[in-house]
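A.B. asks: Quick note, the sequences are listed as chains A and B, same order.
Read left to right, the first sequence gives residues 551 to 1416 (my numbering).
Read left to right, the second sequence gives residues 158 to 571 (my numbering).
Be aware that a few hints might be false.
[Claimed, not checked] Listed next, with one range per pair, are the computed distances between beta-carbon atoms:
1) E1026/A - V471/B: 49 to 59 Å
2) L635/A - G379/B: 51 to 61 Å
3) K719/A - P201/B: 25 to 35 Å
4) G928/A - R451/B: 49 to 59 Å
5) K675/A - K317/B: 36 to 46 Å
6) I164/B - V759/A: 55 to 65 Å
Everything labelled a hint here was simulated from the structure, so no lab data went into it.
Quick reminder that beta carbons are idealized off the backbone N, C-alpha and C, glycines included.
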Amino acid sequence: MNIKLIQFFKKTINLNTLPYIITFIFVGFIKSKGLFIYPYFENDEGVYTSQAWSLLEKGELSHYTYWYDHAPFGWLTLGIIIKLLGGYFAFGLNSIEVARIAVLILNLISTCLIARIVWNITNNKWASLFSMLVFTLSPLVIYHQRRVLLDNIMVFWLIISINLLTEKKIKLSHVLFSGVFFGLGFLSKESALFLVPPVLFYLWNVLEVEQRVIGIYLWFSIFLSSILLYILMAIYKTELFPSNDKVSLISTILFHSKRGNNITFYLPNSDFMNMINEWSKKDNIYTYMMFYSTILMGLLLFFRKINIKYKLIFLFQIFYVLFLIRGGIVFEFYIIPMFSIISISIPLVLDLISKFFDHYLIHNLKIFKYILITTLVGVVIFSRVDMFKHPVIFTKDENLNIKLAIDWIRDKIPADKKILIDNSNWLDLKKNSNFNEYDYAHWYWKTELDSFVRKKNYNSDWRNVDYAAATLGLYEQIGAGAFEFNKSVLDNSYIVADFQNTPNYKVQHNIYRAINGDWTTIFKVDNDKSLLDKIWTSFKEKNITLEGRVVENNTNFTESATQSEAILSAVRYNDKQMFDKLLNWSNQNLKNESKTELFSTSWGNYQGVNKILNYEYSTEYNLKYGLAILMGFEKWKDPIYLDQGIKIINQLKSTNFKSINNKLLPLYSNTDSNPDAIYNFTTSSCNTYAMSYFTKFQSEWNQLKLNCYELLKNSYNQIDYIPEYASLSLKDGIWTTNPNNKGNTKSFNDNGFNIYNYIAFDQIYYNTKESREIANKYTIYINDKVNKYGFYNSSINNSEEIIYPLTPTLSAVSNLLKSSNSGLYTSFWKNNLLSKFNYDEKDIIESKNTKDSIYFISSYLLKKDL
Amino acid sequence: MEFFLIIFVVLLVVQSFFSIITMTYGWHSKEIIDEFKAPNKILPPLKTFSFLLPARNEEAVIKDTILSLHRIEYPKNKYEIIIILVPEDQKTYDIASETIKNYNITNAKILIVGSLPKCKPHSLNVALSSASGEIICIIDAEDEISTKLLNYANTTFINKECEVLQCGVQLMNYNSQWFSTLSILEYFYWFKSSLLYFSKEKIMPLGGNSIFIKKTILNDVGGWDEECLTEDADLGVRLALKDVNISVLYDSQSCTKEETPENLKDYIKQRTRWTQGFFQILVKGDWKNLNTIRKKIHALYFLLWPIFQILITVYFLLSTFVFLFIKLNLYLSLFLAIPLFLILIQLGLLIIGLWIFTKNYNLKFYWYLPLKIILTYFPYQMILTLATTRAIWRNLMGLKNWEKTFHANKHRIN
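Work out the full structure, taking the sequences as your base and the hints as a guide.
C.D. replies: If you want it as structure tokens, here you go:
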């Protein structure tokens, strides 16, 4: 055995083959080192790998409805190689990694065949060796060659075809099989079609006169058969012509033909120029070499003495560039076939230079040939040095986060959950029997565009999705404004795990934007009470003492504002135990007089003594106490609550409302502060929702509510929105928004945010005309702000400088929007409120700010209609 | 059912693909084109030839055939014409002897073969013993011989040192019958291309005429098989057993012109005979003794050729039936369609072949001929299927008599 092996090596390795073997090992190393870590697993890679699985394992053209995006031979090729490698999870790798090995194999064979083509045409070993380097030494080339893309598979078949066409002595069998392989190239990726004219031109010129007609016919008829086979497939499936309820080949062709921005290729922002920018970012020199050399190729075509085989390659380059500048869509990976063409054409040009010198210069001057060619080759190779100085292609791990995300999903998410995923995770999450198999995980793309998938799996409702594993592909589509369903899912989600490790940039979840794909973020769709349960439990643990006192995190005091909101939340959350605890503590500690039914504003430790710090009975918070306690009665039917609730609202009427111009209006508190006959109202004392609620117990609250709305109307008529204050001069009846009737201000500093809650709740639960009017007007205002600034700036000073609002304000505004504009509500919830917590479940739950937490809970309860 | 369908389609795909390769082999490379062309430089006439011209009831054509042999540009003392007749065919005898006398054809003689069996191979065997030429050439009674034929043959025998030379035969009446276009194209591709392929493989069925064989070789293999209905093809197999050097020459200048039978009945008879003859060779089994597997496969391929033609008809009928009545899965349906593509490619080749044929022979390429080819393709396959079926039936019935084909001299109209 060993002797045989030694004999084989002796036979194979000689001075002729050694340079090839060394070069092959070198390019093989460059192509494969870092194969699994760079670049990031792209959605399309998953598409073709999954489709290969589907075709070979299930006998179906695609894992979803096949829609003729491409002919299936590319993924058939891929699937066969993967099978030979041992399956989709061979060697303990994930499916994309195995598929990348398959593509690497094709690419290495293509590399050898490219060298052979150059050898066939030039008879020049150095040119042939050089072609292998050109086909490898570029970050741009490596970036795309490693990917599981149909273009790489198409290139493999086309290279075989071209190899046959450029045989030293061309025979009809070469032509025939070249047609077969070209057809397979077309059935792998349709852009092969654009390279047909050069082949026909070449055959016309290269074949003997007697062979010409039969040769061209053979090649073309076999190639045409591949197209017809594709069409026949559509006919068999009755999917050739467009119809309303089915995919069709013609519809897809029309769809593809209309893609792209249709800006002429040389203009800025054309698809082509955009891609030139993208390509040059990865390899500036290589990109411009590709396109500028095409002009040279065009000129060389006019030299009659140049062999037709050279011209075939030059024509390929010209025609492929024509394809790229045709005006339709250009994707970044469309450049892949250019790599193979340029890898042949550039060595051919060098060979022509060499032959030119050989032919026209006397022997002594041939040194110039070597100097020139060495210089040119040297420039090309030297320009590659950067690739090794900053070897991202070998060392940058763009897939670690993606793999961690998959591990996280397997670890944390039950297999029966419905997850929107990138297609690069499809096989690994759904068909890897070593782990949970997520039968209800679906590719976000099909979920969006295939109404059948959306309807069947999610009943076309985002609420039926549990999780979304967001990737660059998804963000790009949402960013393009095309994926409404997916956007709804994310709009109504929060982050539960964020896998990104990007030192130079951060994924912008608020606007769904990222510039690279080396991350995955898991969103939990906000479609159940689980988050609410977690926040409420956490809030109780962090912010409420065992006695039932809500502690402000910054002062350690207790404020009736937060205490009353907590009681209201407890009743809405149906937590009677906590309700009682909070109420008992309030009853025992916030009443400074034995007879009063109302609660004081704040309580805390002052100079070592726990006591009431502010004795005022705030109208606003006592209304909330009354509301919470009466709601408690309705919910739990305990007459004690009814008794206390009625007492509170009775006392409020008598002490906190004052008749002004024959109308009872709510003062800030029980203290009458109108020495100059100027009344200052805080608008948030107008808890019209509570008043609507009280009407069922005492009808006069309806009138009080209407009085409040009139007050609000008087105030917001002065400016665009409800201000914090409304000030009335009894003397002249003038309403202003500055306290003490000192003119109007646009200033709004978060203190009055609750007025929006009250209007929102009144609108949502009682749908009053007055609340609706205010809600609609305010929505217009918010919309303007969002359009103007990209986000809502509720807290503004008088000169409208942007001040970032506090969470309670955002919570209130979001509640108001829920009552008036569901679309704006969703995005506002996401981009303004959730962004305060970095969209992250953990940040929400672990928030230390008492007010932030309780008002988020309040909004969340409203979101869940609780 | 699906398994058999797959086997059937695989067979048909292999056959069709192989058929395309053989059909185009004549244009395969510059070397092939040059190799089988008539030689540019004619060498001095060193070889001597004996034409064996078996004829029976060929009074309509015999005169022209003798005259065409007489017109050959080669020293008359270097070739002889042996017209082989049966005693009861007085009319042909009269015309032949009259032609010899009237045109003073000194190198022609008539040989009457009365012994049994009365068949072409027996006549040839009898004539062989009286032939004086170094090289024997068999000619059919209706053949129109190129005047340059012997110069080309002489040059080729010297240049290539071959022992057997098959020259081209071409049916010429390309537009006389509905089936004649496809029939002449079959000949065109066979002699222009397929035969070249088989000669390269060193196993080929020889044609019935325009075949040159060294007399020593013929004697060596024992002449023609008198039992066989296609003695020429049988001879080809037996020569392959001896590994003799066979060369092929096809050129419109040197081609022997023939005609396709005048009517469908005769045509079917002719095809039946050929098929029956091929089956006889198959059963006889000489091919099994060929020295390589490759040769055996090739021999088997052309001996089974009539069966492959049945496959095409069966394919058309079966695929139509399946398309209309059976719901197959997508992949099987597409797989079933592949032979159709290959057949369509062959159909295109036939049209191109006709264009080349008319160009080579200075004939008119009528605009409707491609349409005619397309329309008659399937009926033509049906005729071939009928002939094959008939041959099988005749074999089973033990009917081995020679069904004579009438010749009307239509190939000489121009």
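A.B. asks: Each of the hints needs a verdict: does it hold here or not?
C.D. replies: Okay, the hints, checked on the actual structure:
1. E1026/A - V471/B: 49 to 59 Å: holds (54 Å)
2. L635/A - G379/B: 51 to 61 Å: Once the Cβ atoms are compared, 60 Å apart, the range 51 to 61 Å for G379/B and L635/A holds.
3. K719/A - P201/B: 25 to 35 Å: Since K719/A and P201/B have Cβ atoms about 34 Å apart, the given range 25 to 35 Å holds.
4. G928/A - R451/B: 49 to 59 Å: holds (52 Å)
5. K675/A - K317/B: 36 to 46 Å: holds (38 Å)
6. I164/B - V759/A: 55 to 65 Å: Because 42 Å falls outside the window, the suggested range is violated.
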